[in-house]
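Colleague: Chains as they are written, first to last, in my numbering: chain A, 446 to 590; chain B, 34 to 220.
Calculated from the structure, these hints are not laboratory results. Any given hint could turn out to be false.
Unchecked claim - Restraint ranges, calculated between C-beta atoms of paired labels, are given here: (1) A:460 / B:196: 47 to 53 Å; (2) B:161 / A:482: 24 to 30 Å; (3) A:482 / B:193: 34 to 40 Å; (4) B:196 / A:457: 34 to 40 Å; (5) B:46 / A:531: 24 to 30 Å; (6) B:45 / A:467: 17 to 23 Å; (7) A:467 / B:192: 50 to 56 Å; (8) B:196 / A:482: 52 to 58 Å; (9) B:218 / A:482: 29 to 35 Å; (10) B:192 / A:477: 31 to 37 Å; (11) B:114 / A:531: 26 to 32 Å; (12) A:532 / B:101: 48 to 54 Å; (13) B:37 / A:544: 46 to 52 Å; (14) A:530 / B:111: 33 to 39 Å.
Claimed, not checked - Here are the simulated EDC-like cross-link-like pairs (lysine to aspartate or glutamate), alpha carbons at most 20 Å apart as the crow flies: (15) B:216 / A:458; (16) A:463 / B:41; (17) A:463 / A:474.
These numbers come from a predicted model, not from an experiment. Note that the Cβ used here is the ideal one computed from N, Cα and C, for glycine as well.
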Amino acid sequence: MTQPSHHHDRPQEDLLAKAMVRALDQGAESLPSRVTARLAQMREQALSHQKQWQSALQLAGQSTHRAMGSLFGDSFGSATDWRRWAASAGILLLAGTFMFWQAQTQIEDLANEDSALLSEALPPNALIDKGFQTWLSTGTPTVQE
Amino acid sequence: MATPRELDAFLADVERRAYKTAWFAVHNEENALDIVQDAMMKLAENYGDRPAEELPALFQRILQNTIRDFYRRSKVRNLWTTLFSALSGGEDEEDQDKIDRLRSADADQAERPEDALEQRRTLEIIEESLAKLPARQREAFLLRYWEGLDTAETAEAMGCSQGSVKTHCSRATQALAADLKAKGHQL
């Protein structure tokens, strides 16, 4: 159904609509203070739920997750996986601590050996002398010219 | 992606008109505020990461859908009320078109600001006339002229064709003009 009159009256309709909108704007500007206060409160509440910021946090979490996933595999993420990875991390920490303790002990042993060697009356060079080594193993001195 | 500042500015700009739009539809301050609150939350939670320029159309669509949801709930509530009153001997019948004209006779909006008397009278007449319009015509008129959406955006917000929007707007303006004239008022 065509309505040519609509096209014909369009400018007048627009003018009337604009005049009404001006009046409506005035009405909207003079809302009771209790309403404007509620609106402001609702706006604040909505802003605190903005998807963007939740997404930003999720994005950060997802990036970390992806990085961990590339290291440990795609299944990284579920609650069970987290427990598994936490247990693995604990084991790794224990192994690291053990290796560190072992290295420290080794260093201390070497230091003790060194100090024992240096405090001995025998000069350290004697220990690398072949004749001295033979004499120690056979108990018979071999004279080297 | 809309920043919190952009979303804040958008909501601050639109909230009063949104409230009035909801109020024209439901004629109750608390219900209108609830509708606007729902619409704001839905926009922020579901579309807060959209570009700022998309927010107006999205918000209007959400607002209109929230108003329609309110109508549906009211219809169900009214149906139950009718059933109960029928059981208790009442004879009221549910009017099928009542959904388009939800008006409470004692709708009170106290504390109207003190504008000039004539201005206030004009506004009251316009608001009354708007409230009397069928819901779809009022929706089209407010979205197109008050919210400044173009025909395509209005059609998207209303879920109808652009041709329907033009027809609704035209009929709404004609009905408003006729109503104002009948009340001896001219803009």
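Colleague: It remains to establish, for every hint, whether it holds in the given structure.
Modeller: Consistency of the hints with the structure:
no.	hint	verdict
1	A:460 / B:196: 47 to 53 Å	violated (22 Å)
2	B:161 / A:482: 24 to 30 Å	holds (26 Å)
3	A:482 / B:193: 34 to 40 Å	holds (36 Å)
4	B:196 / A:457: 34 to 40 Å	violated (20 Å)
5	B:46 / A:531: 24 to 30 Å	violated (49 Å)
6	B:45 / A:467: 17 to 23 Å	holds (20 Å)
7	A:467 / B:192: 50 to 56 Å	violated (29 Å)
8	B:196 / A:482: 52 to 58 Å	violated (42 Å)
9	B:218 / A:482: 29 to 35 Å	holds (32 Å)
10	B:192 / A:477: 31 to 37 Å	holds (32 Å)
11	B:114 / A:531: 26 to 32 Å	violated (57 Å)
12	A:532 / B:101: 48 to 54 Å	holds (53 Å)
13	B:37 / A:544: 46 to 52 Å	holds (49 Å)
14	A:530 / B:111: 33 to 39 Å	violated (57 Å)
15	B:216 / A:458	holds (18 Å)
16	A:463 / B:41	violated (27 Å)
17	A:463 / A:474	holds (16 Å)
When the structure is compared with the earlier hints, violations turn up for hints 1, 4, 5, 7, 8, 11, 14 and 16 and for no others.
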